[in-house]
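**Q** Each chain is listed here by its residues.
4 protein chains.
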Amino acid sequence: MIKAAIIGGSGYVGGELLRLLLFHSNVDIVGVTSQSHSGEKISKIHQNLTSVCDLSFQEEDIGKLAKESDVIFMALPHGVSQTKIKDININKTKVIDLGADFRLSDSVLFENVYGVKHVVPDKLKTAVYGLSEAYKEKIRKAQLVACPGCFPTGALLAVYPLAKARLLSGNIIIDSKTGSSGVGIKPQDITHHPERAGDFKAYNIFTHRHFWEIEQEITKFSNSNLNIVFTAHSAPMVRGIFTTVYAFLKKPYGQEEMSKLYKATYKNMPFIRLVESPRIAVVTGTNYADIGIYVQDKKVIVTSAIDNLVKGAAGQAVQNMNIMFNQPETMGLEFPGMHP
Amino acid sequence: MIKAAIIGGSGYVGGELLRLLLFHSNVDIVGVTSQSHSGEKISKIHQNLTSVCDLSFQEEDIGKLAKESDVIFMALPHGVSQTKIKDININKTKVIDLGADFRLSDSVLFENVYGVKHVVPDKLKTAVYGLSEAYKEKIRKAQLVACPGCFPTGALLAVYPLAKARLLSGNIIIDSKTGSSGVGIKPQDITHHPERAGDFKAYNIFTHRHFWEIEQEITKFSNSNLNIVFTAHSAPMVRGIFTTVYAFLKKPYGQEEMSKLYKATYKNMPFIRLVESPRIAVVTGTNYADIGIYVQDKKVIVTSAIDNLVKGAAGQAVQNMNIMFNQPETMGLEFPGMHP
Amino acid sequence: MIKAAIIGGSGYVGGELLRLLLFHSNVDIVGVTSQSHSGEKISKIHQNLTSVCDLSFQEEDIGKLAKESDVIFMALPHGVSQTKIKDININKTKVIDLGADFRLSDSVLFENVYGVKHVVPDKLKTAVYGLSEAYKEKIRKAQLVACPGCFPTGALLAVYPLAKARLLSGNIIIDSKTGSSGVGIKPQDITHHPERAGDFKAYNIFTHRHFWEIEQEITKFSNSNLNIVFTAHSAPMVRGIFTTVYAFLKKPYGQEEMSKLYKATYKNMPFIRLVESPRIAVVTGTNYADIGIYVQDKKVIVTSAIDNLVKGAAGQAVQNMNIMFNQPETMGLEFPGMHP
Amino acid sequence: MIKAAIIGGSGYVGGELLRLLLFHSNVDIVGVTSQSHSGEKISKIHQNLTSVCDLSFQEEDIGKLAKESDVIFMALPHGVSQTKIKDININKTKVIDLGADFRLSDSVLFENVYGVKHVVPDKLKTAVYGLSEAYKEKIRKAQLVACPGCFPTGALLAVYPLAKARLLSGNIIIDSKTGSSGVGIKPQDITHHPERAGDFKAYNIFTHRHFWEIEQEITKFSNSNLNIVFTAHSAPMVRGIFTTVYAFLKKPYGQEEMSKLYKATYKNMPFIRLVESPRIAVVTGTNYADIGIYVQDKKVIVTSAIDNLVKGAAGQAVQNMNIMFNQPETMGLEFPGMHP
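Chains H, Y, A and C are the protein sequences, given in the same order. With the first letter of the first sequence counted as 1, position 47 gets the number 47 in our numbering; the numbers rise by one all the way through. With the first letter of the second sequence counted as 1, position 320 gets the number 660 in our numbering; the numbers rise by one all the way through. With the first letter of the third sequence counted as 1, position 277 gets the number 957 in our numbering; the numbers rise by one all the way through. With the first letter of the fourth sequence counted as 1, position 88 gets the number 1108 in our numbering; the numbers rise by one all the way through.
Hints in this document: simulated from the structure, not taken from any laboratory. Glycine included, each C-beta is placed from N, C-alpha and C at the ideal position. Be aware that one or more of the hints could be misleading.
Said to hold, decoys possible - Only part of the chain H face toward chain A is listed, based on derived beta-carbon distances under 8 Å: (1) Arg19; (2) His118; (3) Val238; (4) Met338.
What the hints assert, rightly or not - The calculated DSS-like cross-link candidates involving lysine-lysine, where the alpha carbons are at most 27 Å apart (straight line), are: (5) H:Lys84 with H:Lys3; (6) Y:Lys481 with Y:Lys424; (7) H:Lys138 with H:Lys263; (8) C:Lys1240 with H:Lys299; (9) C:Lys1271 with H:Lys298; (10) A:Lys978 with Y:Lys591; (11) Y:Lys638 with A:Lys978; (12) A:Lys900 with Y:Lys638; (13) Y:Lys526 with H:Lys44; (14) H:Lys251 with C:Lys1319; (15) A:Lys947 with H:Lys44; (16) H:Lys267 with A:Lys724; (17) H:Lys299 with H:Lys267; (18) A:Lys724 with H:Lys263; (19) Y:Lys478 with Y:Lys603; (20) Y:Lys638 with A:Lys821; (21) C:Lys1061 with H:Lys298; (22) H:Lys260 with A:Lys724; (23) Y:Lys384 with C:Lys1270; (24) Y:Lys607 with C:Lys1023; (25) C:Lys1161 with Y:Lys384; (26) A:Lys930 with Y:Lys638; (27) Y:Lys381 with Y:Lys404; (28) H:Lys299 with C:Lys1270; (29) A:Lys979 with Y:Lys560; (30) H:Lys298 with C:Lys1287; (31) Y:Lys591 with A:Lys930; (32) H:Lys250 with C:Lys1270; (33) H:Lys44 with A:Lys940; (34) C:Lys1271 with H:Lys250; (35) A:Lys721 with H:Lys260; (36) H:Lys298 with C:Lys1280; (37) C:Lys1287 with C:Lys1240; (38) H:Lys251 with C:Lys1318; (39) A:Lys821 with A:Lys900; (40) H:Lys250 with C:Lys1318.
Kindly produce the complete structure, drawing on both the sequences and the hints.
**A** This is how it looks when you write it as structure tokens:
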């Protein structure tokens, strides 16, 4: 059994981690921390776990938890996990971080984007970017995995086969639409139900932090500097990120040829489904990324649908854990979603 | 022109008052106050008024505003307007209060229910309960009108004809379902979009403050002590209160006979529509209360649909103003709602 | 392994049955029929099963399927399963019917309520009403189980302890609110998204077919004729039935005493959770029925939250199968729901 | 008073036309037709008009209606109005068509896109494309106005200043998201509430009919052949189209300079509001198009928010009527929307 602990379990991502790990047949949960709710029953916050989980949130004693655990999941606000990691001997206890602290490999860029100095810039070199499908072999050997942001997960899975095959030139436009759960468990103006329920808007145009993560990865995949534009939108749904990518091919491609490329790239990737028309409703609650590809001459549109809290966060983290501990990749992630 | 001021214009009720008064052909807005937003453009908070309203929120100087106004609307948190009313000479400036401070005529009951001592208990005697359809003649002569709460409006309009005709005996069960805007403009746990969007629940069972207001009025209408139960529920919609009333008749009644009673009671009441099946979607944005009546022997079910922010608050307040100033009752309240 | 077949697998209930049975560790699916979609991939209709289920819908050959199966699930429109059951030797193959055909034990009542003559009225005597918590021992030995309707499930689980303990007198008011999935997979006016999204309404007042099912069972539980009123409402959510029951006790009861009664009655019932405040969001996707009890003197309010397609249909059917085949009652029904 | 008739009044667009025209202070409604509902009360279909509109739908007798009317609005399925127009003497009675039949000026293109032969191709020459802000002077003199489709309205108002100023080169990516009311009043799979409520998807990629309308107009505005990509998405809201346009400037531009261009272009256009961040919730029910512009070097993003049934259909039609009959442009279109 893999002994796992969760640092920061009272948010939405922490709750999803718990939901997945509690039913993972090869995981024992050693402890779940929460600074604001320590001592309280977990099921008081995550009411879905009533009668399923009898644990309480405990105070953070990371050193102790690390010693008792094979793996530590960190589901913390940006900027926090970099200050905690020194308490963990990552050669003995693997770390899967779900925040932004170890995603960008350039500490100067990190500081510009997140506005705080990085306190362990050397760790940025050893951290593996945890996009499971792109870096499976690196993840397998990693001690510190930085799970991608929710928008980057949806965008990169859509673009990866094109970028890796070096088919693109010019601009890549990434238009993403997210549900409200991405904001987290704390009420905010933008997620006040009366304001959000029938609304749709774009936000942080040209300045969204996930842009740099997307740019870093597409540049690595393609080994070239493409001109990337990324826009985030908030949609009136709870879960899901739908991404529409507009890209341009160096030379014309047929629809069938393109489908073959995607099939080949994602062969043996159990959570990628190439479908006619991705839909958020179909992936809600699941670790699937549904992808649709549409080609017209040199123009290509790729759409993807993921659940932001699962494939875009907790599910991908568990998938990475499975890879890191040589478990079947899908273990604990079998939930197929519902209809409707 | 009626000169009107709004004390507390930055909430949802204040915003609706503005929307209605700005287009009222016989009203001049003298000023709109907000403690938290004074100095800011009103259209920054109520973005729907962009290019429609060029005013800014001003600081509260109630004495001055009162002198310049024919009528003062107070859209303030409970407990606040009773502390402000002393600054207004209500013999010269009429006051329409949209909070709870002047709804209950018994100051001891008020203190038990709201947990604060009433500082002007004598005003409770002179305040008129502003359920437009039940108290039109009193409202016409009133200097201080206490607009009913949103739940009481929906419940009382459903029950009024039955109670007034003294047809009821035994229990009255009032089961109400509200949209999220009733909570106000400030984000709260219960209206965090991820929590509210697909949810439905009951709250404050046996303890909801609106119970006492409902009980007071049904007792007055019926001149008897009926056994009233009221339960509030939160539904995953933004606007609207749907109320289902279960009551018991002293003797059997026919459907047609009952319809006649309702028609007669609500004759010349332009905002009451007796319909086959009231629906929230149909009344959204409007001052209408749609009512359905269903009789089976001695059992009667009455349903009503209102917009909580219009007929349940700002709209009824404007209707009362029209009555108080001898304007056509529907003036400024003509918006018929949309389909869909 | 239990060999199971589904007759009528292309609707929402059929889809949920598939979702549950595919992951049940002791079930083999022998076949899934659909008259309108025979020959098509199941995952074309139930897209959540893409890459999970490779089966296609097959034509109905009930006799053949029955011979190959230990249990037949029938998820058919009302009036249809009674015409099919003659093709099944129910002494060899157990039948779990999810329609209304075998719920009412009185064939004359059935004909009045559903407007069709019952072709196998004798079967009504042997069919067991499949409210798992109330009739576990009968279900264990049953050959034909009639799963309760969605509204009756929510209502009866709320009332059962009170009725069984003979505490009630007078009226029982049952006010239920349902999501749109209860209507089924076929688009209808009442579930057209533009009409339903922000709407709330009551429907079929005094005439809803589920009333008679509720009345039959409460009468059996309490061995008395209580005066029951049931009203169905449509709420703007997809899944869930929230029920508010108003009942009256023969003598006053304390809150604690009442809680004890419910705890005792539902001891060892793994899917009943007695909670402070039931919520639809918490039970969505699960087989749980969350129940809240509130007493004030002789008045009692009970609220319950279920997922109409799971505990109100497919989940309870699987729970009944587990009981009938001596499996752990929770097998295949472990999904705890999500937050948010 | 302008005498107006509506051909096809039972759909959502017809209902909005009625809502607007009934309260237009200078319009008399001569008649409203519906083939499927002739003889029925209009308020039976458009329940929001209960007690507001006492008219019934009448059978189509276009010749007669045209003789009695100054203007005919046609809100008909695509392909139908071209077969009706011969019954109208458009030199005496102006026609405002809300369908697609007269939007494309090239009849061959029309036939390719809509799959039917155009029966009055000569009329395509005289019809004026009714994008009020771009063609006000032509509309003023027009006898036949073809109101733009909902997606083109949102897209073109965003692009118009850039295209007209000839600032663009290369690709224009138009990513649009629509509410469910765009589908019309007839229930369909894609708008079945259980399927649509929490869903998001793209549809008709590379094949949506509105593409050709958008291309025709941008080509006219810019007098050049830009490479346009348009994708429609369905979002889980009822009303509204949010459009995100990605375009590329021939040379770098500053944010302020760009704002000035938009302000200048839309000077004296009462329904265009240049705002920081357009939102669907803010324009719902109104004729406003809220536009946001964001420049970064040579990249420009423009977002727009409109109500698809108002500015995207009935509202723009009434705006055009006002222009054609020398009325104040905003008459009858004053509703400012609600908050929330």
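**Q** Would you list, in rising numerical order, the hints stated earlier that this structure does not obey?
**A** Structure breaks hints 2, 20, 21, 23, 24, 25, 30 and 36.
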